[in-house]
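**Q** These are the residues of each chain, in order.
2 protein chains.
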Amino acid sequence: MSALPAPQVLAFDVFGTVVDWHSGIACEVRALCPGVDGGAFALAWRAGYQPTMQRVRSGELGWTRLDELHRLILDSILDDFGLADLSEVQTQHLNKAWHRLDPWSDVVAGLQQLKTRHTICTLSNGNIGLLTNMAKRAGLPWDCVLSAEVFRAYKPDPATYLGVARVFDLAPQQVMLVAAHHEDLAAARACGLQTAYIERPFEFGRAQPKDVSPVAANTRHARDFLALADQLGC
Amino acid sequence: MSALPAPQVLAFDVFGTVVDWHSGIACEVRALCPGVDGGAFALAWRAGYQPTMQRVRSGELGWTRLDELHRLILDSILDDFGLADLSEVQTQHLNKAWHRLDPWSDVVAGLQQLKTRHTICTLSNGNIGLLTNMAKRAGLPWDCVLSAEVFRAYKPDPATYLGVARVFDLAPQQVMLVAAHHEDLAAARACGLQTAYIERPFEFGRAQPKDVSPVAANTRHARDFLALADQLGC
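These protein sequence lines are chains F and D, in that order.
If you use our numbering, the first sequence corresponds to residues 1013 to 1246, in order.
If you use our numbering, the second sequence corresponds to residues 1013 to 1246, in order.
Take the hints with a grain of salt, since some may be wrong.
Copies of one chain are not kept apart here, so a pair can be met inside one copy or by any two copies together.
When the alpha-carbon atoms are kept at most 25 angstroms apart in a straight line, the in silico DSS-like pairs for lysine-lysine are as follows [said to hold, decoys possible]:
{"no.": "1", "residue 1": "Lys1127", "residue 2": "Lys1222"}
{"no.": "2", "residue 1": "Lys1222", "residue 2": "Lys1148"}
{"no.": "3", "residue 1": "Lys1148", "residue 2": "Lys1108"}
{"no.": "4", "residue 1": "Lys1108", "residue 2": "Lys1127"}
By construction, these hints were calculated from the structure, which means they are not laboratory data.
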């Protein structure tokens, strides 16, 4: 699709792109409270994600890690799902369900292929501890865990995308953001990064498949990580 | 040696503890300029390490990554070794010799054992890109690369040791610093971390073995990473 040089670093969005947060959260909620609609709970929790991060971006909240933001949202929805009686220990455990998400089925093999020719790192709004715990549990073979926490800024702040290039002493176009979200990719492109869109049609559950049509501006468009590895000659 | 609970996270000093900087730098210098005393060059370069970082700690220099500090020192010693004629490309390449250091022979197997029961991360004054490039080349299986660059403070600043605990939402005593340097370990201990001393008698070359006697205040004292893994039951 492009005559750009091969990127040296591939930086991956994580929630939705690498791991299936909808199924993972739904499953943990159902296990904890069998009567609750786990899928609806997952969607409600995730729906608070952008607005709550916006409170940090706007300066209303000082720098706050995603674990804490997840807890703020969780506390605000428990009552709606009849879960106001969860103990503090149960609530803390549930809040860390984001550390225990499973990857899509192509991810581990795809990353192993991609890392043979590229440095692979996360670029997620998740905090470093969350991403490290997730990687250790799921066997995600990152060369490096980068996070909003390193740059003290949440995507789509340019400090995050340009921060990856700076960490590796590279020009922005030597870095490729890999994500299943066009807004994230557009913000990276505005900073000069290459971009790869990954189709994750069931990010919001099988009941509501999402549009995974290509956007021509992306450097690459791939069905999954194995297809991306093929395209990049790994 | 101690009734403390097993640490959840092991944070490793890198230069001298994980990799053999003396041999690595000496070898690269000799390859580049066959007439130069590589070992003396390595010692001179490393001798500038603490004083140059002190310029950042004191505030004389703003936050500066180790790659840049290494370059400042390198520029100041090239002439002493008759290397003032190196091209800019050669100098840049030599400056990144710190990215290409080899680990001591026990390291990769030891880390693989240790990571079966602990989260293993770096806690080095090296910058993230340096540590990531080194790990990828040498096969160091870190769960996470932490660096002075993440905390914008150089060891022995407490922000670095306490920063590791904070990243993983742990009490300081749930983290163990692993290092071949008693000053680093003492500073970590003052922050409440557990500490493990590793014997690296030839850190400064075979010609000048260093004293590797135990200090009773450390939680553990081990000949190498494999011995530490045995002690920790990995």
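**Q** Now tell me if each hint is right for this structure.
**A** The hints, checked one at a time:
In this homomeric assembly, Lys1127 and Lys1222 never come within 25 angstroms of each other (Cα to Cα): the closest approach is 28 angstroms inside a single copy and 38 angstroms across copies. When the C-alpha separation of Lys1222 and Lys1148 is checked against a cutoff of 25 angstroms, the pair qualifies neither within a copy, at 29 angstroms, nor between copies, at 36 angstroms. In this assembly of identical chains, the alpha carbons of Lys1148 and Lys1108 lie at most 25 angstroms apart only when taken from the same copy (14 angstroms versus 29 angstroms across copies). For a Cα distance limit of 25 angstroms, the shortest separation of Lys1108 from Lys1127 across copies, 21 angstroms, qualifies, whereas the shortest one inside one copy, 28 angstroms, does not.
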